[in-house]
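Keeping their order, the protein sequence lines are chains Y and W. Counted the way this note's numbering counts, the first sequence spans residues 1 to 214. Counted the way this note's numbering counts, the second sequence spans residues 1 to 101.
No lab work stands behind these hints: they were computed from the structure. Take every hint as true, because none was put in to throw you off.
Facing chain W, from chain Y, some residues (calculated, C-beta under 7 Å):
#1 Ile22
#2 Asp32
#3 Gly97
#4 Arg98
#5 Arg99
With a straight-line cut-off of 30 Å between C-alpha atoms, the simulated DSSO-like cross-links for lysine-lysine are:
#6 W/Lys91 / W/Lys54
#7 W/Lys81 / Y/Lys16
#8 W/Lys91 / W/Lys81
#9 Y/Lys16 / W/Lys54
#10 W/Lys65 / W/Lys54
#11 W/Lys81 / W/Lys54
#12 Y/Lys16 / W/Lys91
#13 W/Lys65 / W/Lys81
Model, not experiment: these values are computed from the prediction. Ideal Cβ placement from N, Cα and C applies to all residues, glycine included.
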Amino acid sequence: MTTDDTEGSEIPLSAKESLDLIDRQQAEMDRDFSGFVVTLNAMWAVLWFVAFAAFHVAGNGWPGSWYSYGVAAVIMGVAILAGVVVSTVLGVRSGRGRRGPSMVSGALYGWTWTVSYAALVAINLSIMGRGLPDDAVPSLWIGSMMLLAGALSMAGGAMFRDIGQYVLGIWLLLVGIACVLVGVDYQALAIAFGGLVGFGMRAVFARRGLRVAA
Amino acid sequence: MSLETELDPVIHVQARLRVMVALAALPDGDSVSFPRVREVLDMTAGNLSTHLRKLEEAGYVEIVKTHERRTPVTYVSLTGKGRLAFGEYRKALRALLDASN
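In isolation and in its complexed conformation, chain Y is listed as follows (with noise of 0.2 Å):
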């Protein structure tokens, strides 16, 4: 919408009209500072899925071991990296030209996942190097992994009054339980699909939201 009105060739709006763009603007506002939301979560949806689904490929479970851990562990390496990328130049986007305190905490957030996702990445090789015993390994990086991306998940809800976000850390923390419940041969299949419906989900209702304030 092109708006070259001048101070004296304004049209007066009525009530209706003045409400109808006020709904209009707001739409276009969302969609510029929180559509990246939906792309966001999109992404992880597909990339959770992927890292997960490798690491059951390479496991016992049906269809059988197509490849060795260490390969999965690639691939998952190679996901996550291309996420945390793509996270990073998604939310400077969303960003450019704005200051603020939100814009601080935002940032500070994005960096407690990286740092903190660092931090259990070197907790569990340590954990490992003492020994753990093999079947414990799958659980352990399983089970860390969901209780971190749930209580950050819901961190980030509580800070940003994002019920949503808020919900979905909840449904990882679940998923997380049940991956570890559901034994060794089939958490890795659980947690890829558990990730993919929970980040999924939170695409498709940000995305319907965006298209209700439309």
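Fit chain W to the given chain Y structure using the hints.
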């Protein structure tokens, strides 16, 4: 009483109303650069400047000129008074609409 007399004349102008909505969409305390507002609202620099000046004179927006890496940048934000006025304006619109129905 006519519509014009009941509504805040500073806000009740299409272009300024759009500026107010855009700035009200920012979280409290945040500001946005002049080029970004111009891009989001698709307004010319001159037109946007004119309307921002009116809003600033009314105390509804704050305009801060600063430098980032030696480049001059202008940031715009809604003041507390502006947020309040916008809320009152919306309430008045709804009241008018309800009264006419």
